[in-house]
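Fit the two chains together into the complex; they arrive one by one in their own frames, and the hints show the way.
As a plain string of letters, each chain reads:
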Amino acid sequence: MTDVVIECRDLTKQYGAFTAVDHLNLTVRKGEIFGLLGPNGAGKTTTILMLLGLTEPTSGSVRVLGLDPARQPLSVKARVGYLPDQVGFYDHLTARENLNYIAKLNGIREPEMSKRINEALDQVGLSNVADRRVKTFSRGMRQRLGVAEILIKQPQLIIMDEPTLALDPEAVREFLDLIRQLKASGITILLSSHLLQQVQAVCDRVGLFHQGRMVLEGTVSELAQRVLGGAYRIHVEAEGGDAVAAALRALPDVVKVSANGSQYNVEARADLRAEIARKVVEAGGKLLGLSVDTPSLDEVYARYFQKGAAYAARA
Amino acid sequence: MQHARSIAPARQREGSPWTGLWAVVAKEMADYLTSARMMILEALILLTAFGTVYAASQNLRAGAGASDDFLFLRLFTTAREPLPAFVGFLGLLVPLLAIALAFDSINGEFNQRTLSKVLAQPIYRDALLLGKFLAGLGTLALALTAIWLLIIGMGLLQLGVPPSGEETVRMLWFLLITIFYGGIWLALAMLFSIIFRQPATAALAAIAVWLFFTVFWGIIASLLARALQPAPPGDTQALINQIQLELLLTRLSPNTLFSEVALAMLNPAVRALGIVLPIQLHNAIPGTPLPAGQSILLTWPHATGLIAATIVLFAIGYILFQRQEVRA
Ligand SMILES: Nc1ncnc2c1ncn2[C@@H]1O[C@H](COP(=O)(O)OP(=O)(O)O)[C@@H](O)[C@H]1O
Ligand SMILES: [Mg+2]
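Protein chains in written order, with this note's numbering: chain A, -10 to 304; chain B, 86 to 413.
So that you can see chain B by itself, here it is in the shape it has in the complex (with noise of 0.2 Å):
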């Protein structure tokens, strides 16, 4: 006999989805402030920023800073040797932060036996992973606004000068795009707890993940865009085709498009994105500097694309979580 009936109830269903929706976010936040792990990943980025931010601040102090407009951004991206600069630590720690934050945040309820129980009350699953979700992006906010908050009280301290507008502006926008990075972390490591049973072993494909994007994507995109679209040496088309099709390729790594966030907002010379991407933030191009709106829109893209990495994340597991036994 066929089964003719399909996956998830897709029937009318009684009342909202989100009831009970604030109770598990307010429940997990609570878990997550107080859980060791997360204070410890904290210390470890409150002291990249504060080791970072302060060597950056006697760099500038020491340097031709006073003729720079952009002294605030400049915290972010001068480095010293041989500390790289706090951007670049950003770039590798919030992911970290995120996995941690979400890389049990099912199968611990499964091997705690309370997913049932949970289940049991009145609430639909969406209103639990959505919760949890919303309770790692919480959680992932407030640490980051606490660091920027950090490196503005720095700057004030050591520059003595408060930030411009501009200034302000950019940081606002390059900390909601930290947060959307740290979104698809989140995301990841939750779709790897619905996935794995064993908590390590989420936790473990999850940074492979990371790794791989971090480590080999680069040298895997600049390969494939070689054997994909050859350039016979004097075709310059083919090399712009070529490179164009690189960058493509890296772009698909929310490490890439992350990085590339970074540099437009706190470079404000930086006036295009694209073949001209220079390796450095802090080797921008000279120029005039971009008014900080166009470097939003400069950037739009990559925000459209985080989010909607997100979401599709989300939404896989959303999917694989209705069709999942709740027995543990």
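This is chain A alone, in the form it adopts within the complex (with noise of 0.2 Å):
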């Protein structure tokens, strides 16, 4: 229990008759990265600012830090760092100035203050442009400015909304990279995107939103068991015709086999490589080539609305 960092029972909010997040159920526990998925409009930002404070739930409970946002707003600030979607700052000062003024709003003072702007600028690669203004910056080191004031307040749980949202392929790598670094320091980590590509490399574990309701929830390979049938994808290339379909088809925990000339699809529940060069040989075909796709969450995302009226039905 003492290991529970976010807790969200049937949070539910509603902007009069319309309801944003229904019903949130939602644990995180410490040293997790949790990615928060799910289109424009999900209720992830309306998720954030609730764990935050900012906004009241209109029912349900949440406890950040064993804390109560709506109760204790200064305490959970104090010990969680918010990085918002399309963060900014003021322009006019630089880096070390802006930095300043958060450093001040948690009370922290010199010569403390000083010690921990450096750390932080240091850490996320900005010690050299720390006293240029804001105004020449890119949007990548912005977004590492944005982490930088995360760091000061040496927090126990960081948010972050759409972190890669508007960054250049590189820079989303370099950010990446960084949130590794900073679970590696066991902090624990919130961030939503609807970009789940990106943000799968990181993630231990993901919930996927759609229309204010967590529809799934887990880590990538055990949504792509429930929601793909098969967590593997072994594509197959080999020239036999109809005897290596049958063989393959065959195979224990072999789920899908969807044939394309000499190309195969083969979902299966395991990694089934070495039998499957097996049998298509001992089926007599020429095997050319074998390959393993670990499942995207792209994939389980489109697959789930494929199958949502049934899911829905079931609910």
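Honestly, the hints are just simulated from the structure, not real lab data.
Since we're looking at a predicted model, the values are computed, not measured.
We put the CB at the ideal spot given by N, CA and C, even for glycine.
Hints may contain errors.
Footprint (simulated), chain B over chain A, 3 or more residues, beta carbon under 8 Å [what the hints assert, rightly or not]:
1. 31 to 44
2. 73 to 83
3. 91 to 104
4. 193 to 199
Okay, structure coming up:
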């Protein structure tokens, strides 16, 4: 119980008659990177604002680090770092001056303040531009400055809303590296995104949001197992006709085989590459290629919503 | 299903609402004092002060100033064609300065996308709003004090005598009221910066209110008084009632309150503010001067009115801001 960092029970937010977040149940444990994924308008930002006490829930309960953000907002906000989507800065001030202001708002005083600011600038790689006006910063630099503003608080939990949005691929990679470093130092991270592919790589667990409801939750391979039926997708290129297809279908743990000329897509519950190679040869086929995909969240998501009606009916 | 939950969170809150207040004040004041728009306006006011006060001192030296006990006060109120007196300018420039300081105070944070970040720090919205207001008021106070010192310095040089105790008290009280007068416009511009997302809209709205009170309110008050309290020819009582109603209505304008205070404080001969209100400051009624303490008492209600209006405007802004969504 003590290692639960975020706990939401039936958390609901209504704007008038519109339900932005609908009976959300969510548990995030210490040291985890949790990905809150879902399309625009799914309710991710609203959830985050409730976690920080910046919006009041309509009903349900939230606990962040064991505290109620609506009743103890100062304690929560002192311990949680928040990077809003498209974070802004005081452009006429330098990076250091921006950090100074945030530090003072957090009641951090000299000499501790300068020490923390220098450390944070170092960690995000902005030390050499610390005294330049933020006006001149690229998007990637601004995003890293946003992280520096979080780090000077030495938070136990970091919440980032769409942190990779509007970054170029290089900046995204650097940013994801930064997130991994933070995780290594033991900080719990919750991040939201609608770009599933990008965050898949860093998240320990993800929750898929749709129209205010958390429709799926678990590790990426758990979700793939549940939604795609098989966690492994194996590409086989082999000559040998129907005999090969039949041999593949006969394998245990194979969920589905689809053929396209000499290309076969095999969905399986395990990594069956060795068995497949053996069966193809035994069936008299000629094996030309063999590879395995880990399933992508995009695929899980797309497939889930193809079957959406069926799931909704069961729920 | 009915929404039972009410507006702002009324429950007991943790910690002080003023946590972080001084961090906000310090940052905002540094911003104000270095901003280009502040420098332009400050330069404009300084130039006006210099010009009008210099002209006034020339007049005073030329005229029968020697017998006057209140030479320093005359520096504010003496006009020399074509320039009006400095108090006349103050009534116009102080609102402009205040509006220029505050018209983008909250919507600017929205548009810069800094608001949700700042409110995610361990402070309440109260501290942010009050901090910005206090920083604006502090900036105004600083600017106006500098101008007062400039005027006194010029007076010392040009007139060759120091101000008397009476004069000093009067000038100080008038300085204080001028700052409060700026406070109203500061609170108004801040309110509009909460209501309107576009700073330009907020600035225009504030300037519209200012124009309304400066140009139109006098006329409207007079028309309203005539309509509500008709005075048939020959009926003196009805006429007095009508004038009193008109006076009451004009006093709803901060401009009127300010000019009445200016009149009473800078013209010791003024013994009452009422029906005898002269239109021009230097056309004082003859009579023995009132002690400064009495003049302060005379303008006490005005000071209270200015402060009360400021508090009301600030409170409206506060309520709106508490209910506002932080997301951009
Ligand atoms: N202040 C508001 N009033 C009414 N509806 C809102 C408000 N804020 C957000 N919404 C709606 O709530 C839904 C969820 O929004 P949001 O949490 O921002 O989604 P996400 O961050 O996942 O893109 C959206 O449909 C949005 O239009
Ligand atoms: Mg969002």
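Now for the hints, and whether the structure bears them out:
1. 31 to 44: holds (count 5)
2. 73 to 83: The restraint on the stretch 73 to 83 of chain A holds, since 8 of its residues have a Cβ under 8 Å from chain B and three suffice.
3. 91 to 104: With 5 residues in contact (Cβ-Cβ under 8 Å with chain B), the coverage given for the stretch 91 to 104 of chain A holds.
4. 193 to 199: The restraint on the stretch 193 to 199 of chain A is violated, since only 0 of its residues have a Cβ under 8 Å from chain B and three are required.
Checked against the numbered hints above, the structure violates only hint 4.
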